[in-house]
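Assemble the whole structure, with the sequences as input and the hints as a guide.
Just so you know, the protein sequences line up as chains A and B, in that order. Its first residue numbered 1, the first sequence is counted upward by one per residue in our numbering. Its first residue numbered 284, the second sequence is counted upward by one per residue in our numbering.
Think of the hints as simulated: they come from the structure by calculation, not from any bench. Possibly wrong hints are sitting among the right ones.
Claimed, not checked - The calculated DSS-like cross-link candidates involving lysine-lysine, where the alpha carbons are at most 27 Å apart (straight line), are:
(1) Lys-417(B) <-> Lys-192(A)
(2) Lys-507(B) <-> Lys-536(B)
(3) Lys-223(A) <-> Lys-241(A)
(4) Lys-417(B) <-> Lys-171(A)
(5) Lys-192(A) <-> Lys-549(B)
(6) Lys-241(A) <-> Lys-51(A)
(7) Lys-398(B) <-> Lys-192(A)
(8) Lys-629(B) <-> Lys-549(B)
(9) Lys-545(B) <-> Lys-600(B)
(10) Lys-361(B) <-> Lys-91(A)
(11) Lys-361(B) <-> Lys-192(A)
(12) Lys-545(B) <-> Lys-629(B)
(13) Lys-394(B) <-> Lys-192(A)
(14) Lys-573(B) <-> Lys-536(B)
(15) Lys-241(A) <-> Lys-171(A)
(16) Lys-400(B) <-> Lys-192(A)
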Amino acid sequence: MNNRKGTFSRGLLNAPYVIWSLVFILIPLVFVVYYSFFDLESGRFTLEYVKIFFTKPMYVKAFGISLLYSLIATAISLVIAYPFAYFLSRKKPASQSVQMILIMLPMWMNMLVRTYSWTTILEGNGLINNLLELVGIGPVTMLGTGGAVVLGMVYNYLPYMILPIYTGMSKIGQPLLEAAEDLGCNGFQKLKRVIMPLSLSGVISGIIMVFVPSISTFYISQKMSNGKVVLIGDLIEQQIKEFWAAGGLNRGAAMSFVLMLIILLCTFVMNRFTDDDEGGMII
Amino acid sequence: MVKEQNIIELHNITVSFDGETVLDDLDLSIKDGEFVTFLGASGCGKTTTLRVIAGFISPDHGDVFFDGARINDLPPHKRQVNTIFQRYALFPHLNVFDNVAFGLKVAGMKKDQIKEKVEEMLELVNMRAFAQRKIHNLSGGQQQRVAIARALVNNPRVLLLDEPLAALDYKLRKDMQNELKRIQRQTGITFIFVTHDQEEALSMSDTVVVMNEGKIQQIGSPTKIYNEPENAFVADFIGESNIIDGVMLDDFKVRLDGRAFKCLDKGFAVNEPVDVVIRPEDVDIVSPEKGELTGEVSSITFKGDYYEMIVDVCGFKWMVQATDEQLVGAKVGLVIEPDAIHIMKKSKYSGMFGDYSTFSTEMDEMEEEARLEEERLEEEAAQEEKGDE
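See below:
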């Protein structure tokens with residue numbers, strides 16, 4: 001009796017989340033899958049739209065560039081975030097929270113605004129080029145390059161790398177590090193044998209949280225490259241926005257679907273690296 | 284097993300955190316093969332001393348010597364000591380075997396040799412069957428054993444133990460005390476053990492170092508510490524003590540409560556004021572007319588193998604332990620044999636301990652606080668009355 005009542009009230013508590021997931025996650029997903037395989041006009045099943053992704057050079061190239069840039073951005077973020085998170089986690093609690101706020105602060109501002117402001121820094125007569133001219137180095141083209149796109153990705157998503165790594169690091173208690181020293185570890189061995197294994201699940205989370213939005217972004221590439229670098233996200237946006245009726249919705253859905261499968265595969269592979277019982281799984 | 288030469292020497296060690304002195308000009312030497320215990324309440328500096336030896340804290344002043352060589356600047360990973368941490372600090376990402384093997388792997392030992400040594404060590408602590416277990420699937424006692432094995436497998440010259448038994452329940456703690464003592468005898472390694480539990484200290488150690496306020500109060504064997512405490516702090520901290528103001532009349536003669544007693548102590552100035560320690564179990568209860576002192580029983584508690592009573596002698600509350608029951612309010616006589624009396628020089632702790640009107644200083648403070656609070660309320664009430672008029 002009690003048990004049944006318990007499950008009922010628990011069910012009631014869960015209801016809002018279940019409804020939310022249904023309306024905003026599951027049903028849209030079903031639509032994406034549906035439009036990937038069923039023609040909008042005729043309603044017939046077709047593999048044509050999914051095939052485009054692998055056959056049409058424009059799409060293959062866009063996907064290749066997206067993958068390359070997001071991997072580079074993820075790698076750079078990791079290189080910056082890892083030592084930063086470590087040193088942050090070893091500071092006094094008070095200065096830890098201050099620095100944490102400093103990291104979070106830009107995220108309180110709209111991402112579009114932040115990205116747009118970078119263009120004024122990087123453009124031909126922007127801040128950096130003005131400074132360079134002062135020392136006699138001619139204007140350098142920065143905006144519109146792949147480098148600028150990667151910069152935009154790193155800048156926007158770096159906090160998502162720092163946060164999970166920092167959380168993992170701050171769980172490594174001082175006694176564990178002292179135990180490592182006590183047992184003969186110098187600084188490097190301590191890093192290799194204790195800190196790295198114990199922060200691995202945070203690193204995996206960070207990689208996924210930077211890689212996924214980077215590979216599917218469209219706004220960053222549009223602003224930072226003036227439309228010169230076309231990522232897969234740009235193509236999806238373009239198809240849906242400009243060619244809605246002429247099969248664009250189908251192509252957009254199919255690309256989203258394939259991209260989603262690839263991301264799922266990547267995260268699945270990444271998660272193999274962590275312990276199953278560490279609780280660091282994203283999927 | 285205890286050798287003559289010192290393995291560790293601390294000279295004039297001073298440590299302070301944020302301007303607060305934690306260790307105050309501390310001098311200490313520890314012999315090779317000794318089982319030494321640092322005993323004191325929390326905040327007395329015992330763990331800090333341990334961490335200075337391990338190398339996790341470098342002292343503000345003073346020198347640390349190991350085997351005659353100054354090691355102030357030697358980092359922890361190069362010192363020939365290993366530590367068993369308060370909460371064990373086992374590595375959660377490694378199983379039992381790999382935890383124990385950790386130090387050997389870092390040292391670059393060959394795999395088959397590591398396997399042999401680790402298994403031998405797990406045998407010593409009765410954990411061989413658990414080699415492949417994850418740390419968080421072990422009980423507290425098992426984790427404790429793994430921690431011991433992890434430290435000992437490196438063959439340290441000195442093993443530092445930071446309150447290692449504090450987290451265990453009473454019976455397990457007793458077993459682990461015996462086990463640690465056995466391991467220490469078997470290996471001959473110098474053990475430096477930190478605890479706040481006086482019983483643990485007395486039953487395990489060759490030498491006890493009693494600490495308070497960052498200073499060493501007394502160093503000695505357990506029996507010496509118990510029978511001949513150096514000051515009122517030590518007498519009160521180790522076991523129960525009645526500490527009474529006395530005056531040394533002559534060698535072997537002391538006056539307390541207006542009466543002269545024979546004792547075994549000498550070497551004090553004539554008429555020197557002293558602290559007199561008398562242990563509760565050393566006081567004999569007799570009929571009032573036969574007693575050297577007479578008093579009234581103000582409370583009695585059954586303790587199993589004896590009765591513990593508080594006897595009021597002219598306002599000073601004595602604790603007496605005896606096997607015969609007395610009624611509360613009964614007049615009794617007390618007899619104290621010369622060998623039950625221990626004389627101590629006056630110290631800054633004189634008058635702070637040894638009266639059993641209350642058992643703990645905390646109780647004293649609570650009573651004092653309650654009294655002040657009552658006074659305050661009365662005052663407030665009086666003022667309100669005035670205001671009403």
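Going through the hints against the structure:
1. Proposed proximity of Lys-417(B) and Lys-192(A) is supported: the alpha carbons are some 20 Å apart, at most 27 Å.
2. Restraint check: the Cα-Cα separation between Lys-507(B) and Lys-536(B) comes to about 22 Å, which is no more than 27 Å; the hinted pair holds.
3. The straight-line distance between the Cα atoms of Lys-223(A) and Lys-241(A) is roughly 17 Å, inside the 27 Å bound, and the hint therefore holds.
4. Using a Cα cut-off of 27 Å, the hinted pair Lys-417(B) and Lys-171(A) holds, with the two alpha carbons roughly 18 Å apart.
5. Proximity of Lys-192(A) to Lys-549(B) is assessed by CA-CA distance (about 64 Å); at most 27 Å being required, the pair is judged violated.
6. Only pairs whose Cα atoms come within 27 Å are accepted, and Lys-241(A) paired with Lys-51(A) is accepted, the gap being roughly 21 Å.
7. Under the criterion of a C-alpha separation no larger than 27 Å, the hint pairing Lys-398(B) with Lys-192(A) is consistent with the structure, at around 21 Å.
8. The hinted pair formed by Lys-629(B) and Lys-549(B) meets the criterion: a straight-line CA distance of about 15 Å does not exceed 27 Å.
9. Taking the CA atoms of Lys-545(B) and Lys-600(B), the gap is near 22 Å; set against the 27 Å cutoff, the hint holds.
10. Distance check on the hinted pair: Lys-361(B) and Lys-91(A) sit about 25 Å apart at the alpha-carbon level, within 27 Å; holds.
11. The straight-line distance between the Cα atoms of Lys-361(B) and Lys-192(A) is roughly 18 Å, inside the 27 Å bound, and the hint therefore holds.
12. As the CA atoms of Lys-545(B) and Lys-629(B) are separated by approximately 19 Å, the hinted pair is consistent with the 27 Å bound.
13. Between Lys-394(B) and Lys-192(A) the CA atoms are separated by roughly 19 Å; this keeps the pair inside 27 Å, and the hint holds.
14. For the proposed pair Lys-573(B) and Lys-536(B), the alpha carbon gap of about 20 Å is at most 27 Å, so the pair holds.
15. For the hint pairing Lys-241(A) with Lys-171(A), the CA-to-CA distance comes to about 46 Å; that exceeds 27 Å, so the pair is violated.
16. Between Lys-400(B) and Lys-192(A), the direct Cα distance comes to roughly 23 Å. Compliance with the 27 Å bound is thereby established for this hinted pair.
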